[in-house]
Amino acid sequence: MTADPRLVRALLACYPASWRRRYGDEYAQLLCDLRIHRHPRLIADSLRGALRAQVSPGGPLMSFRSPMTAAIGATGLFTVAGIGFQKLAEDLTGVAGAVYALLVAAAAVALVALVAAAAPTAVALLRGRDAGARWYLAVPVVGAAAWYGVLRLALLIARGHGVHSPANLTGFALIAAAGVAVVAATAWAAGTVLRRVPADQPRRLRPAALVALAAGMAATTALALVWGLRVHASDPAAFHGDQGILATPFLPSWIGVLVLMAGATVLAGLAGSRQLAATR
Amino acid sequence: MVDELGRWAEPGLLVLTSLANGDKHGYAITNDIAEHFGVSLGPGTLYAALTRLEERGLIEGLPAEGRRRPYRLTASGAAELSAQATRMQRLATLSLGRLRLATP
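If you read the protein sequences in the order shown, they are chains A and B. Position one of the first sequence corresponds to residue 738 (this note's numbering), numbered consecutively onward. Position one of the second sequence corresponds to residue 610 (this note's numbering), numbered consecutively onward.
No wet-lab data here; the hints were simulated from the structure. Fair warning: there could be bad hints in the mix.
[What the hints assert, rightly or not] Looking from chain A toward chain B, a few residues come up when the C-beta cut is under 7 Å (computed): (1) D762; (2) Q766; (3) L767; (4) D770; (5) R772; (6) D782; (7) S783; (8) R785; (9) G786; (10) D972; (11) F976.
Just so it is clear, CB atoms sit at the ideal spot from N, CA and C, and this is done for glycine as well.
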């Protein structure tokens, strides 16, 4: 092995599992032969290849049979980003208020689009076409209850400690990890219900809804960008200060939220285009 | 070729050409293409092309030699490469001929 084995493993891990089973060993050998750790351009090329493999028609993120699953995944990611944005914006309520209101409206458009895309399945579920699938509705409820329990525990752990103390950071990490787990479990349950419940789909509803979902996410992402720039213009002290998530610097928090939102938007856009292609 | 191989047309054609004179594994293909065409194919681009060509039956993987797996051009791959090369040759002949006519 002539390359950094951790880097090779990390690059390989970016590919889908099925791809790794077929090409993993030989690809790892190629990365070693190329001494990939010395060539950032080749690292970027490998990451692009992994992304293409993930979103290819047979890839796990973009199966032609389940663009709705990808849309649900995108929504889960967007939800996490949205919670992060809300946490970021909660101490800056007086700044860029109009942009913030527009951002909330754009996010609402995305939510309505998702509800519209899932509506036929929800109706079929309520009509009892698949009684067993109703159990999946319990997932977000149980998840929210579990998350509330974790929240109470975290508050107990962090009580009386400073904002950057190990106890407070542990509590925050617990809350964040539990929140992401609940969102992921809810997305999984929703995806499962959408796959297994037979529903009468109006032909154009789902493609239009998924395109609107992606458009709403794109607008929200753009407005989050504008919001941060407005913060920079109107309150430079806050922009360069520790106004970020958990009193960390603002800039990394803002960029992190933007990256998550942009990733979710791309995923939703791909889901929309796949759904359009499947409908034609 | 664009219709057949979509967005991977150029790397796919380079890989087919590289395999035309014998079986090669990924690193050997990369070096061969760099040496003869002056094109540096990154690992992600190369394996995207290999995956697609293999799915279309234009190349096939041979038993691995250690961790390196050689690839071989199939009969379909050879026919495809031949057809594309003939088409490109025709295009090149036509282009050069017309350029000669246009040049006083």
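Okay, the hints, checked on the actual structure:
no., hint, result
1, D762, "holds, 5 Å"
2, Q766, "holds, 4 Å"
3, L767, "holds, 4 Å"
4, D770, "holds, 4 Å"
5, R772, "violated, 11 Å"
6, D782, "holds, 3 Å"
7, S783, "holds, 4 Å"
8, R785, "holds, 5 Å"
9, G786, "holds, 2 Å"
10, D972, "violated, 42 Å"
11, F976, "violated, 36 Å"
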